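2 protein chains.
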Amino acid sequence: MNLLLLEEADFIAADRVVLRDRRLVHMQDVHRVAVGDNLRVGRIGGLMGNAQLLRLDAREAELQVSFELPPPAKLPLTLLLALPRPKMLRRVLQTVAAMGVPKVVLLNSYRVEKSFWQTPFLEPAALREQLILGLEQARDTVLPEIIIEKRFKPFVEDRLPAMTQGTLGLIGHPGDYPPCPRALDEPVTLAIGPEGGWIPYEVDLLAKAGLQPVQLGARILRVETAVTALLARLF
Amino acid sequence: MNLLLLEEADFIAADRVVLRDRRLVHMQDVHRVAVGDNLRVGRIGGLMGNAQLLRLDAREAELQVSFELPPPAKLPLTLLLALPRPKMLRRVLQTVAAMGVPKVVLLNSYRVEKSFWQTPFLEPAALREQLILGLEQARDTVLPEIIIEKRFKPFVEDRLPAMTQGTLGLIGHPGDYPPCPRALDEPVTLAIGPEGGWIPYEVDLLAKAGLQPVQLGARILRVETAVTALLARLF
Numbered sequence: 001m002n003l004l005l006l007e008e009a010d011f012i013a014a015d016r017v018v019l020r021d022r023r024l025v026h027m028q029d030v031h032r033v034a035v036g037d038n039l040r041v042g043r044i045g046g047l048m049g050n051a052q053l054l055r056l057d058a059r060e061a062e063l064q065v066s067f068e069l070p071p072p073a074k075l076p077l078t079l080l081l082a083l084p085r086p087k088m089l090r091r092v093l094q095t096v097a098a099m100g101v102p103k104v105v106l107l108n109s110y111r112v113e114k115s116f117w118q119t120p121f122l123e124p125a126a127l128r129e130q131l132i133l134g135l136e137q138a139r140d141t142v143l144p145e146i147i148i149e150k151r152f153k154p155f156v157e158d159r160l161p162a163m164t165q166g167t168l169g170l171i172g173h174p175g176d177y178p179p180c181p182r183a184l185d186e187p188v189t190l191a192i193g194p195e196g197g198w199i200p201y202e203v204d205l206l207a208k209a210g211l212q213p214v215q216l217g218a219r220i221l222r223v224e225t226a227v228t229a230l231l232a233r234l235f
Numbered sequence: 001m002n003l004l005l006l007e008e009a010d011f012i013a014a015d016r017v018v019l020r021d022r023r024l025v026h027m028q029d030v031h032r033v034a035v036g037d038n039l040r041v042g043r044i045g046g047l048m049g050n051a052q053l054l055r056l057d058a059r060e061a062e063l064q065v066s067f068e069l070p071p072p073a074k075l076p077l078t079l080l081l082a083l084p085r086p087k088m089l090r091r092v093l094q095t096v097a098a099m100g101v102p103k104v105v106l107l108n109s110y111r112v113e114k115s116f117w118q119t120p121f122l123e124p125a126a127l128r129e130q131l132i133l134g135l136e137q138a139r140d141t142v143l144p145e146i147i148i149e150k151r152f153k154p155f156v157e158d159r160l161p162a163m164t165q166g167t168l169g170l171i172g173h174p175g176d177y178p179p180c181p182r183a184l185d186e187p188v189t190l191a192i193g194p195e196g197g198w199i200p201y202e203v204d205l206l207a208k209a210g211l212q213p214v215q216l217g218a219r220i221l222r223v224e225t226a227v228t229a230l231l232a233r234l235f
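Protein sequences, first through last, are from chains A and B. Each residue of the first sequence is one higher than the last, beginning at 1 in this note's numbering. Each residue of the second sequence is one higher than the last, beginning at 1 in this note's numbering.
Treat the hints as calculated values from the structure; they're not laboratory data. Please read all numbers here as calculations on a predicted model, not as lab measurements. A couple of the hints might just be wrong.
The list cannot tell twin chains apart, which means a pair is met if one copy fits it or any two copies do.
With a Cα cut of at most 30 Å, we get these calculated DSS-like pairs of lysine-lysine [as the list claims (entries may be wrong)]:
hint, residue 1, residue 2
1, Lys87, Lys114
2, Lys87, Lys74
3, Lys103, Lys87
4, Lys74, Lys208
5, Lys153, Lys114
6, Lys150, Lys208
7, Lys103, Lys114
8, Lys74, Lys103
9, Lys150, Lys74
When you get a sec, could you build the whole thing from the sequences and use the hints?
Written as structure tokens, this is what we have:
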């Protein structure tokens with residue numbers, strides 16, 4: 001946790017917060033804070049700034065806070081991601097939040113196991129928890145938007161074309177395709193498939209919606225690694 | 001597992017192998033293979049090729065194998081990595097093997113907790129297990145070399161200068177430094193710090209050994225994410 005993220009409910013005054021949950025435990029056990037210490041804080045969806053620890057006991061911490069810095073810029077990106085298996089989903093959500101992706105569509109694919117859609121990690125509160133961990137890691141305050149699309153074809157045919165308009169549409173896909181471009185400034189819509197990849201029918205439909213396959217070389221990467229590698233290369 | 005990696009002990013003839021361990025379970029449970037199916041195989045440290053499943057029962061699988069393809073090229077890179085916490089270490093080892101890093105130095109740092117050095121995951125067999133998982137994922141056969149350096153100063157002062165000679169020496173380090181370069185062809189020595197980063201004394205010693213700090217932006221990434229992002233950007 002490189003940034004202590006504050007919720008509206010934490011505030012007892014405009015410049016005072018009281019914390020009682022895992023953030024209190026983390027401050028004590030990992031940061032080993034003492035009264036008078038300064039910490040970096042951020043207001044969810046708002047500015048970042050500093051806090052001074054006023055009071056600390058086993059039950060709660062009180063901090064005086066001030067906010068002056070904007071959070072870092074997001075990437076100009078919409079990420080379409082075939083729903084990963086639950087364990088991977090949690091890590092990928094942290095990663096995309098940490099790397100500054102503003103919008104993620106979790107999408108079905110032929111190779112997404114049906115059981116993946118049953119995971120409790122897709123509940124709004126569980127999604128939010130992982131995103132917050134990513135924001136705390138990277139020092140950002142703005143939650144990415146997560147859109148869940150359980151049906152591939154209607155999404156790709158009916159809603160994706162409008163989403164990709166005015167963006168460079170790319171599919172990260174192993175094979176005999178052009179290399180993934182580097183250091184772009186323009187907005188991008190990027191689709192990353194499941195373990196095993198999109199099937200040819202899916203690549204065709206994505207292409208009709210304006211996305212072209214690009215590759216990162218012969219090595220097949222896990223979804224989480226592919227997400228990070230593609231983003232680091234694109235921007 | 002995108003490549004079935006074969007050990008010398010698996011061979012019962014020049015073109016025949018018998019498998020009994022987790023690879024048998026994986027072939028049955030994940031790939032759901034049947035007699036006659038073809039699989040991609042690789043010989044550890046050698047060529048890649050194809051296998052045909054000749055015989056399969058609950059206890060073992062027999063395959064006919066042939067080898068004709070060289071494994072993909074490695075990156076021209078030596079990676080110095082402050083020893084991550086055990087859980088992260090396992091994933092990072094898989095990631096570096098998958099991405100084609102040929103040589104990794106696991107290094108001490110002021111911010112590496114002493115207990116991390118006690119983990120059983122540093123045993124040679126445990127390191128090898130994680131590296132194999134990475135090679136199987138990416139389709140490579142050549143194990144990276146892992147060097148363990150429990151003492152920072154003697155390594156950086158006495159052995160690192162010879163290691164960095166003829167390479168571009170870089171430290172991935174958040175702060176007011178030049179941006180990490182892109183799309184290099186030349187050999188690189190890259191140092192990545194622990195959670196919390198190298199301390200200034202360590203950055204100074206690394207700089208004296210020929211490594212200069214570069215940054216990836218304001219966002220602070222987890223070690224595993226930073227490794228992937230830096231490699232994807234450098235090469």
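Structure-based check of all given hints:
When the C-alpha separation of Lys87 and Lys114 is checked against a cutoff of 30 Å, the pair qualifies both within a copy, at 15 Å, and between copies, at 29 Å. Proximity of Lys87 and Lys74 under a CA criterion of 30 Å is satisfied in both settings, with 25 Å inside one chain copy and 29 Å between copies. Both within a single protomer and between protomers do Lys103 and Lys87 lie at most 30 Å apart by alpha-carbon distance, with minima of 20 Å and 29 Å respectively. In this homomeric assembly, Lys74 and Lys208 come within 30 Å of each other (Cα to Cα) only inside a single copy, at 27 Å, whereas the closest approach across copies is 35 Å.
Taking the shortest alpha-carbon separations for Lys153 and Lys114, only the intra-copy value of 16 Å comes in at or below 30 Å, while the best inter-copy value is 52 Å. For a Cα distance limit of 30 Å, the shortest separation of Lys150 from Lys208 inside one copy, 19 Å, qualifies, whereas the shortest one across copies, 54 Å, does not. Taking the closest pair of Cα atoms, Lys103 and Lys114 come within 30 Å of each other only inside a single copy of the chain (23 Å); across copies the shortest separation is 40 Å, beyond that limit. Taking identical chains as interchangeable, the C-alpha atoms of Lys74 and Lys103 lie at most 30 Å apart only when both belong to the same chain, with a minimum of 10 Å there against 34 Å between chains.
Proximity of Lys150 and Lys74 under a CA criterion of 30 Å is satisfied intra-copy only: 26 Å inside one chain copy versus 38 Å between copies.
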